[in-house]
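There are 4 protein chains.
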Amino acid sequence: MTTAVIQDTKMKTFEEMESAVRSYSRGWPTIFNKAKGYKLWDTDGKEYIDFFAGAGTLNYGHNDQAMQNKIIEYIQNDGIIHSLDMGTTPRKNFLERFNEVILKPRNLDYKIMFPGPTGTNTVESALKIARKVTGRDSVISFTNAFHGMTIGSLSVTANSFKRHGAGVPLHHTVSMPFDDYVEDQDSISYLERFLEDSGSGVALPAAIILETVQGEGGINAARMIWLKKVEALCKRWDILLIIDDVQAGNGRTGTYFSFEPAGIKPDVVCLSKSIGGIGLPMAITLIKPEYDQWGPGEHNGTFRGNNLAFIAATEALKNWESVEFSEAVQEKANFLRETVQKLIEKYPQLKGEARGRGLMQGIAIEEEGLAGKICAEAFQRGLIVETSGPNDEVVKFLPPLVIDREGLEKGLSILEESIIQVTA
Amino acid sequence: MTTAVIQDTKMKTFEEMESAVRSYSRGWPTIFNKAKGYKLWDTDGKEYIDFFAGAGTLNYGHNDQAMQNKIIEYIQNDGIIHSLDMGTTPRKNFLERFNEVILKPRNLDYKIMFPGPTGTNTVESALKIARKVTGRDSVISFTNAFHGMTIGSLSVTANSFKRHGAGVPLHHTVSMPFDDYVEDQDSISYLERFLEDSGSGVALPAAIILETVQGEGGINAARMIWLKKVEALCKRWDILLIIDDVQAGNGRTGTYFSFEPAGIKPDVVCLSKSIGGIGLPMAITLIKPEYDQWGPGEHNGTFRGNNLAFIAATEALKNWESVEFSEAVQEKANFLRETVQKLIEKYPQLKGEARGRGLMQGIAIEEEGLAGKICAEAFQRGLIVETSGPNDEVVKFLPPLVIDREGLEKGLSILEESIIQVTA
Amino acid sequence: MTTAVIQDTKMKTFEEMESAVRSYSRGWPTIFNKAKGYKLWDTDGKEYIDFFAGAGTLNYGHNDQAMQNKIIEYIQNDGIIHSLDMGTTPRKNFLERFNEVILKPRNLDYKIMFPGPTGTNTVESALKIARKVTGRDSVISFTNAFHGMTIGSLSVTANSFKRHGAGVPLHHTVSMPFDDYVEDQDSISYLERFLEDSGSGVALPAAIILETVQGEGGINAARMIWLKKVEALCKRWDILLIIDDVQAGNGRTGTYFSFEPAGIKPDVVCLSKSIGGIGLPMAITLIKPEYDQWGPGEHNGTFRGNNLAFIAATEALKNWESVEFSEAVQEKANFLRETVQKLIEKYPQLKGEARGRGLMQGIAIEEEGLAGKICAEAFQRGLIVETSGPNDEVVKFLPPLVIDREGLEKGLSILEESIIQVTA
Amino acid sequence: MTTAVIQDTKMKTFEEMESAVRSYSRGWPTIFNKAKGYKLWDTDGKEYIDFFAGAGTLNYGHNDQAMQNKIIEYIQNDGIIHSLDMGTTPRKNFLERFNEVILKPRNLDYKIMFPGPTGTNTVESALKIARKVTGRDSVISFTNAFHGMTIGSLSVTANSFKRHGAGVPLHHTVSMPFDDYVEDQDSISYLERFLEDSGSGVALPAAIILETVQGEGGINAARMIWLKKVEALCKRWDILLIIDDVQAGNGRTGTYFSFEPAGIKPDVVCLSKSIGGIGLPMAITLIKPEYDQWGPGEHNGTFRGNNLAFIAATEALKNWESVEFSEAVQEKANFLRETVQKLIEKYPQLKGEARGRGLMQGIAIEEEGLAGKICAEAFQRGLIVETSGPNDEVVKFLPPLVIDREGLEKGLSILEESIIQVTA
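Residue numbers (our numbering), protein chains in the order written: chain W, 1 to 424; chain X, 1 to 424; chain L, 1 to 424; chain C, 1 to 424.
Careful: at least some of the hints might be erroneous.
Stated by the list, open to error - List time: in silico DSSO-like cross-link candidates among lysine-lysine, alpha-carbon distance up to 30 Å:
hint	chain 1	residue 1	chain 2	residue 2
1	L	LYS12	C	LYS34
2	W	LYS104	W	LYS12
3	X	LYS162	W	LYS318
4	L	LYS39	C	LYS162
5	W	LYS132	C	LYS10
6	C	LYS162	L	LYS318
7	L	LYS34	C	LYS318
8	L	LYS410	X	LYS162
9	X	LYS34	W	LYS111
10	X	LYS70	W	LYS36
Simulated from the structure, these hints should not be mistaken for lab results.
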């Protein structure tokens, strides 16, 4: 039997039974079985280095031992697993610890909301509360933003393929240029002009929503000064500032929240992905107390009480009790950035451009399709890495934050081999 | 210290740190800790009979031993927990078992899609695919429907408080009268007239979406003949029929799918809640192969690969390998229906009306606020039961399907005591 | 040269230079030149009886002598012709006379607004003010309603071909069943149920808009009791009642306003078409003083000051100084109704159904396409009469109100000949 | 009796009977009676120089003698006045003459559509056909655009007060920066970037609609190179280019169409206002033959056959048979521009900025409210001139094109006196 046939056989169940919508099992056509730290193994026992981290969900790596232990213990004790937003011990513990470890030390005061346990759900809740509080209907989002796939969050997502998938026109939103969007033009001046001119055709919005580093949009990192200016515009016109920190939060850029270095205090913050610690579905929405104007149950969802996730989430907070974790991430980020720069210089045929911040980096590659070929080759060689950007033109590095120097080097070495192979 | 003060202290964390949007922890002001089968215990050790089942998520009861074992084993073996839609062993197993145990025996042919792991997400995916396939934008839903809280699914949800929470007008949908909505008037003739008249002001929709038994809307059970007629209208005008079986599916009404007794074959079926077996977030969308016209990744979501849920879900399918489970549910449903009838007759002051089907039943109570008082009293007495309906006028019975006769009797006996107390 | 060729030559300019959107010049392929009273003549000198009256714009007939004189005199004196909403003598005179002759005697108190001089513009202004006053966004309209072709008024128009022409989905409106829409079902119960149930999926609207007799929709005349009930629903829920009297007003049904026999007092009334007396563009919106909450210029339009129209309009009001005009219309309406009934009985193959009220009547004909054939034949024989209804199934009689008995008889006699010819 | 009391008495009818929406009768509180050429007289016999021209409707001045004669003759002969889109002699003559005098000599090939006789109606028809032809739903318009007040055209109008008046969110449109909108930034690069990036959040639109000189928006004249670039973008992405020449067309800027100097050929052109010659309601939409894909009656309107307007319109075309008319306008425009410059220099306290092109010019004045005060003073002194711009900051000069040098000088002299008085 040839390899091709074996491959075919392996993926048969997915090909025959699963909807055509499936995507990752196409690019990585194997069956994953086990995972630990920054490594995965498929059913053939082949090992993979993880530069993907569940699209930013596994910042603490796969199967953290302490989290595993806590979850198993809870199940063995018949702890309540599903509870909507009833009071439970894990929910109580998470609330208290999140406040102590994350909010208080950062001098942040937020009410914590548990929407349905997905990124799109926290975004939908953020948009709703901003509209309720301000009585305005429109929201400003940015070029190449990604906020989710349900109609509310999709309406602030920029990608045309994804928007078109809605099957209906998407309303009540305006797309503005992200930092550095048009060469030599200052996107803040545009935004400001549209807001201050009553004849601009753009109404004062309920909110401005943004990712400080756009993950799906091509690893575009806004400058801190740009974030500060956006916050200032929001204050000037009583617009709520929503930071969607679903992918860039939870330490991904080196600080717990990605906006910390800018010194801003968003009105609403969306968290999901790595908030659940071990990869279990969970999301929270942080809302400044003065804007927490919900009626009881005005936004709800069946799985807003995923207790196993709360347990792992609470355990994960331990990483934030001291500055060590954060410092280690930043150190690894520096190493990654240096290596990326070296690769760009060493392989000028890539016409590569370094992107990103923290452990959320990428190389934009000019030639159409080349980034995808590099990722495909890397998979064959045992590295899980994917593309992003409107034309899949960016090779995106999103390793678990707990990866060690050895893992990073090994992964980058596979990447370099793949570049050589593909550009040969 | 008085009880009131203790109560206050107990819920302090939730009151101070959680958003005002929280709801269940208001009506049931305690902290739940453990749960098994049809019972829960709070941190004070108080026991509760569960007539709520996580709003239909715990059809197989709390902490099913076999499911617990499988999950623990998987974690202990460092099984991959989070995987988006990559191929994994638990995903493969679920696909194969679901096909063998559920689809094939019912002569149903569906592609299986994994949207984000919540009810609202499967509904959003169903609406998208219907719009894509038909090229039409509007969707017909029904009075008192509940399909979710994100903007797409909220647009087909009928409740005005929930719709208003959107903060924007909801578009591309038309609300039609559910079965038996207006006294002495046939809602099918009405619907048919609107569809056949090109001057009706209602465009041919992409889809008609419905729950066969409306859970949140007041436990309104459509007649089988009505469902058949809706399917016939859909066929006549090439409209996709979407059954939202998130709450009524997974055996809740006695058969796996709630629509089986009507002999219809929906084009799209939405499942969530109890699909995950033990209460972990999971959802699937079933799509007839000819309508599975998605592009890869056209609808996605980070948590569409919740492997722990897949494991429990696969284990749960064992219940459907023979007819015994189904028959037992129906038997319990009959007993519940008889008891409900007796209560209505015994307490005429309720002006009660029996509602529902299978183990999804309720008593509609005329006097405003009375249903809520009964539920509050029941909670004090150790029974978890909630209201539904546009004015919270229905006491809703949704026990785990695995409840035994003793549990049902005990719960109903607490209910009767509560009625007596409240109507005294 | 054959007749067909001559015909071709005659219409060449329109065929070659005018947009494909042209419609009446297709059904009546000739060039009209002169007109007086209820007669028209084309450039070949052929005479036509007018049962169309400019789609209800020529209630006072073509070229009323007194109106002609007044207009000519005004022009000869260099009276200001175009004035937006500046103060002018003809505007002042119209305002005063309309108040004295129409409003006061009917005990109606309205502010008079001059929107752009077309029907669709008065409807757009009515929808705007209703939304502003109530702060609600949606409007309820009825099956087979026609209110105009600009996006606002089109959104409350029911015809699917016309709606589809928008090229965008039409929002913020709900279509409800008009009087007698579904056989044996009471449309008021439906409407009431939807309004009173907070779980109906239909929000409380800013307004209910309706035509008392639907012209384009098939000459459907609502019963007075139905109109009264709609008004009562509006009062109960603080919904503004908008009567679109563009076609049915100005005496068309026998009284000045079509709603007078119902004894209701709408909150907003839309008038256009015959308001301008001689067929010149003009429209007014009547608004109860308490709802006249416009800011200056909040709705405007260049041609809202068409002084020639004001002059003819003021002259036309003379007809309403006594009851004679109204009584004469009702007498002619009775004669028309009797003749229509006789025709239906005499030609049972039509399966005809009498429709309408006043001099706004029609015969609905079951066989598809037959109504159109009768109208085409009538044109050849010198009668201008058109179809209406969603499938063009109604032969519509809309003669000038000033037609005399002889004219009516002559027209109806041509109609009968056409029926005989076509059904032969 | 004091003057104030007389004034009060004079306007009493308007104040008491007309809706609060009236605007011009507030700023110019008198009753106009007669008008000829560039002069108006009120009922007190006071004379006014007209620098307003019916907001651009009276390019040929008031009561042109030849037009008056033709209209009177037609009425006296019982010419058909109202005809929807039936064939009539005046309609035929207009079509033929417009083709010969305007289109052919400019090498333009358009089908001519008669929408309802107002500017907003031609814009609504343009948007509809663009959406139908392309199958796309959104339309790009520009900052400070004004296209009309019905929901379709209002959705491409930028002014926030006017948009807010809709009472509903306005959809399917995107506002982009007009030429020179943000200092030192190139609005074309901005627009281009949004169009070429599939991740911009802005879908490819059906059309781009613009005024070459924005009248209501503050007399902002786009440069010819900017117009050329917009046309190039439209061609590159198969976007229809709609020029709304309602105010700037009909010779206002010196050429018949305002876009002629740019050498572009728009796909759709909207004309109204002065197209009717003498100020009677009329509008046409010009559509390239390949885009004239209307179904018969897909857009219609009762007053699309205003024969009196067609007669004056045909007469007005005589002005375009030679170049003299056009040259005279340009000469007067130069004089106006020079005088405006002189005034700006002479009165530096205005901080004035010259705006506009042809006989569509203005002075933007920095100090809030000053422009309005100048216009109010001018009215007292016998000059009709109004403000425009988002903050009414521009004094707008729109004299009839037929004004002579004397008239211009007289008007500008009153203006100067008013400036002196107000800034004193």
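We went through each hint and held it up to the structure:
no. : hint                : in the structure
1   : L/LYS12 / C/LYS34   : violated (41 Å)
2   : W/LYS104 / W/LYS12  : violated (51 Å)
3   : X/LYS162 / W/LYS318 : violated (37 Å)
4   : L/LYS39 / C/LYS162  : violated (44 Å)
5   : W/LYS132 / C/LYS10  : violated (47 Å)
6   : C/LYS162 / L/LYS318 : violated (37 Å)
7   : L/LYS34 / C/LYS318  : holds (25 Å)
8   : L/LYS410 / X/LYS162 : violated (61 Å)
9   : X/LYS34 / W/LYS111  : holds (27 Å)
10  : X/LYS70 / W/LYS36   : holds (19 Å)
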